[in-house]
Amino acid sequence: MAVQVDVPPLAAPVRKTEKRRAFGEVPGLATLAFGFLVFLYLPIAVLVVYSFNAGNIVMVWTGFSTDWYAKAFANEDIRKATLNSLIVAVSATAIATTCATLAALALARGGSFRGKVVSLGVITLPLMVPEIVTAVAMLVFFANLGLNLGLGNVILAHTTFCIPFAFMPIRARLEGMDTTLEQASRDLYASDWETFRLVTLPLLMPGVLAGAMLSFVISMDDFIITLMVAGAGDTTLPVYIYSMIRQGITPEVNAVSSILLLFSILIVTAYWFTTRQKPGAKSH
Amino acid sequence: MTNKATSVSPLHPDPVSRPIEEAGPARTAVELDRVGKIYGHGTTAVEALHEISFDIRDNEFFTLLGPSGCGKTTLLRTLAGFEHVTRGVIRLFGQDIVDVPTHKRPVNTVFQHYSLFPHMTVADNVAYGLRRLKKPADEIRGTVDEMLRLVKMERFADRLPAQLSGGQQQRVALARALAPSPKVLLLDEPLSALDLKLRQAMRQELKQIQARTGITFIFVTHDQDEALSMSDRIAVMSEGHLQQVGTPTEIYEHPVNRFVAGFVGDANFIEAEIASPIGAKVTCRTRGGLELQADATKASSGQRDAVLFLRPEKVRLTEPGAGTVNGTVRDIQYLGNSTLMEIDIGEPASVIVRQSGDVNQPACRPGDTVGVVLDPHALQVLAE
Ligand SMILES: Nc1ncnc2c1ncn2[C@@H]1O[C@H](COP(=O)(O)OP(=O)(O)OP(=O)(O)O)[C@@H](O)[C@H]1O
Ligand SMILES: [Mg+2]
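Sequence lines, in order, name chains A and B. Counting from 1, position 165 in the first sequence corresponds to residue 164 in numbering that gives the first Met the number 0; the numbering is continuous, with no gaps. Counting from 1, position 179 in the second sequence corresponds to residue 178 in numbering that gives the first Met the number 0; the numbering is continuous, with no gaps.
Heads up, some of the hints might be wrong.
Calculated cross-link-like contacts (lysine to any residue; reagent style SDA-like; alpha-carbon spacing at most 25 Å) [stated by the list, open to error]: (1) B/K182 / A/S190; (2) B/K103 / A/E193; (3) A/K115 / B/T42; (4) B/K297 / A/P201; (5) B/K134 / A/E181; (6) B/K206 / A/S190; (7) B/K134 / A/K115; (8) B/K151 / B/M201; (9) B/K182 / B/F81; (10) B/K182 / A/T179; (11) A/K115 / B/G39; (12) B/K133 / A/G110; (13) B/K103 / A/P201; (14) B/K134 / A/L197; (15) B/K206 / A/G232; (16) B/K280 / A/T178; (17) B/K103 / A/V47; (18) B/K103 / A/T178; (19) B/K134 / A/G110; (20) B/K133 / A/K115; (21) B/K103 / A/E181; (22) B/K133 / A/D191; (23) B/K103 / A/S190; (24) B/K134 / A/P201; (25) B/K134 / A/L104; (26) B/K297 / B/E312; (27) A/K115 / B/H40; (28) A/K115 / B/K151; (29) B/K280 / A/D191; (30) A/K115 / B/H83; (31) B/K103 / A/K115; (32) A/K115 / B/E82; (33) B/K133 / A/T179; (34) B/K133 / A/L197; (35) B/K313 / B/P247; (36) B/K206 / A/E193; (37) A/K115 / B/E312; (38) B/K196 / A/P201.
Honestly, the hints are just simulated from the structure, not real lab data.
Just chain A, with the same shape it has in the complex (with noise of 0.2 Å):
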């Protein structure tokens, strides 16, 4: 009996220490920690708050309201510039992601040619590629072309920029697929189009889903390029935004700033949950 009622307080106290020495393991670092996610954050935080303030003094707590949001609303330009962002986010993300899942598959799936491995670094470049040089490079060839297409322009240009953001994922899922999948469905009679649709496209489907969100986020909060590309009536949120605070900054601006915000997180953490799933691919 003795024995027995020994064992639980114990067990308690090792637990306790070991979880001491891991924190402890860099002096302050929780501090420190703790310290870089209020700089990181709090501006954030403070700009959602303010968006909720009553006064027209931005930095002035004067009590909760929403007014700023219905007035933002009720704003004929930012309801036009949400609708541009959205007309362009959807369009390039779906463009771009049609490209990377292409380009994945080929990569991935078309056996070995000639430049795979330059094709493989051309499409994955832009990443590296400082924003401003892709920004004044789009400029100058739309310039040079003499193309007009308004919203079209910062479609291509959207488009650009977000295929290596979807390809990413995508190619990750297909690599981490089982081949033996395919050719057991190429066994089983189907040819190459039915082995396509019913047996790569849905095991690749969480790839391409996690591709087409990180395309969408990176396309609705683009600023430098869509400033340089974007012609008068094609303003986008984040480009209307600039323009706002440079006439003063209101609460508005906040408001506007939060709803861009909030789409963001949607997005994000629906790309989180996609991504965690367990990966339907076995990879044995």
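Assemble chain B with the ligands onto chain A, guided by the hints.
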């Protein structure tokens, strides 16, 4: 390679339970004619198959046996169409299939790691092949039920593969491959991922399923027990070369060469010189100076040096002086159902003897002297 357009179509037979072939000369299901496969080019080329020729009969349980890397999987993949042959011809029921794409070959595969479609239920997995063949819906339902019953998985029809154990996944993989009722079923080490008990149970079951469906099975394994216990015939391969094709008894009792003898079970090899004219029986003189009578049916006419082969269980022990030769017991290994003894008879290699738990055998200890009987019928001269 000619007129393939006309001959590809009649490939798909009707549902599984077709009548067992009536007696008569067995038809040839698969015919391999000097099949060669080389992976890669130039300096990195690997010859995985070299001039492989043999026939597989219809309704046969045929096993490809050989050590790792000998080309078993490669051969199976060329039959399924996943791999092109470099040279040679493969005929399926007389028709050259070298240029027929995978999805048009009436051949199905059970993969080593099952490869079930993870996003489909068990029933959908089994129905997959039938749906691609555009069978009517009610026929598909019937066949799927029948197949799941055959592999005793009818209770799991609505589960996903991830919700099944390894053995259950293996059964589903088998049902999926059998459902379109292929003319030939290819199985690549299907039991290797299962534990020993399950593996032994599945051997029986596979054999029964093969008999019931009457489908030709081509089974790949590197496990000689598996091959011997299940097969109608076995092809032994080594480094891309075909060594021997025969029934389990032929392969085990009369291996054609040292590789087959050593790979299929334990073997004693005694090096000797032939000291009499070649006949059904010859007299051989061993390195240690023994004169031994041996079966020489496989010896070639001009042969001088010979390797004599003897299975450990064919050696008998007796009182000292009463055997062919006297020997000293070196080592004893108790294996439960039998005992392995290593006996020095003055030859370069000692003789391994397997004794099954026979109460009449003299009990001996290392160091004891025993008489060793080397039966001239069991002692065989191997071909060069
Ligand atoms: N895709 C490939 N490219 C190059 N060489 C290959 C390829 N596949 C197999 N080989 C080589 O061909 C030879 C035969 O391989 P194979 O897979 O057929 O052997 P196996 O008999 O199935 O062996 P195991 O019992 O280990 O599965 C090996 O030497 C292997 O290295
Ligand atoms: Mg293999």
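We went through each hint and held it up to the structure:
1. B/K182 / A/S190: Status holds; Cα separation ~19 Å.
2. B/K103 / A/E193: Status holds; Cα separation ~13 Å.
3. A/K115 / B/T42: Roughly 22 Å between the alpha carbons, so the hint for A/K115 and B/T42 holds.
4. B/K297 / A/P201: Not OK: B/K297 and A/P201 at ~58 Å, beyond 25 Å, violated.
5. B/K134 / A/E181: holds, 21 Å
6. B/K206 / A/S190: The hint is violated at about 31 Å.
7. B/K134 / A/K115: violated, 41 Å
8. B/K151 / B/M201: Holds, at about 12 Å.
9. B/K182 / B/F81: With a Cα-Cα distance of about 17 Å, the restraint between B/K182 and B/F81 holds, given a limit of 25 Å.
10. B/K182 / A/T179: Since the Cα atoms of B/K182 and A/T179 sit roughly 21 Å apart, the hinted pair holds (cutoff 25 Å).
11. A/K115 / B/G39: holds, 18 Å
12. B/K133 / A/G110: violated, 30 Å
13. B/K103 / A/P201: Judged against 25 Å, a Cα distance of about 23 Å means the pair holds.
14. B/K134 / A/L197: holds, 17 Å
15. B/K206 / A/G232: violated, 75 Å
16. B/K280 / A/T178: Violated. B/K280 to A/T178 sits at ~55 Å, over the 25 Å cutoff.
17. B/K103 / A/V47: It is violated: about 62 Å lies between the C-alpha atoms, which goes past 25 Å.
18. B/K103 / A/T178: holds, 19 Å
19. B/K134 / A/G110: Measuring from Cα to Cα gives roughly 33 Å; hence the hint is violated.
20. B/K133 / A/K115: Measuring from Cα to Cα gives roughly 37 Å; hence the hint is violated.
21. B/K103 / A/E181: With a Cα-Cα distance of about 15 Å, the restraint between B/K103 and A/E181 holds, given a limit of 25 Å.
22. B/K133 / A/D191: OK: B/K133 and A/D191 at ~16 Å, within 25 Å.
23. B/K103 / A/S190: Given that 25 Å is the threshold and the Cα spacing comes to 9 Å, the pair holds.
24. B/K134 / A/P201: At roughly 23 Å apart (the allowed maximum being 25 Å), A/P201 and B/K134 satisfy the hint.
25. B/K134 / A/L104: Cα-Cα ~30 Å, so violated.
26. B/K297 / B/E312: holds, 21 Å
27. A/K115 / B/H40: holds, 19 Å
28. A/K115 / B/K151: Violated: A/K115 and B/K151 sit about 47 Å apart, past 25 Å.
29. B/K280 / A/D191: violated, 61 Å
30. A/K115 / B/H83: With a Cα-Cα distance of about 23 Å, the restraint between A/K115 and B/H83 holds, given a limit of 25 Å.
31. B/K103 / A/K115: It is violated: about 30 Å lies between the C-alpha atoms, which goes past 25 Å.
32. A/K115 / B/E82: Distance of about 22 Å is within 25 Å: holds.
33. B/K133 / A/T179: Holds - the C-alpha atoms of A/T179 and B/K133 are around 23 Å apart, at most 25 Å.
34. B/K133 / A/L197: Answer holds: B/K133 to A/L197 is near 15 Å, not above 25 Å.
35. B/K313 / B/P247: holds, 17 Å
36. B/K206 / A/E193: Violated, because 33 Å separates the two Cα atoms, which is more than 25 Å.
37. A/K115 / B/E312: Roughly 59 Å separates the two Cα atoms, so the pair is violated.
38. B/K196 / A/P201: violated, 36 Å
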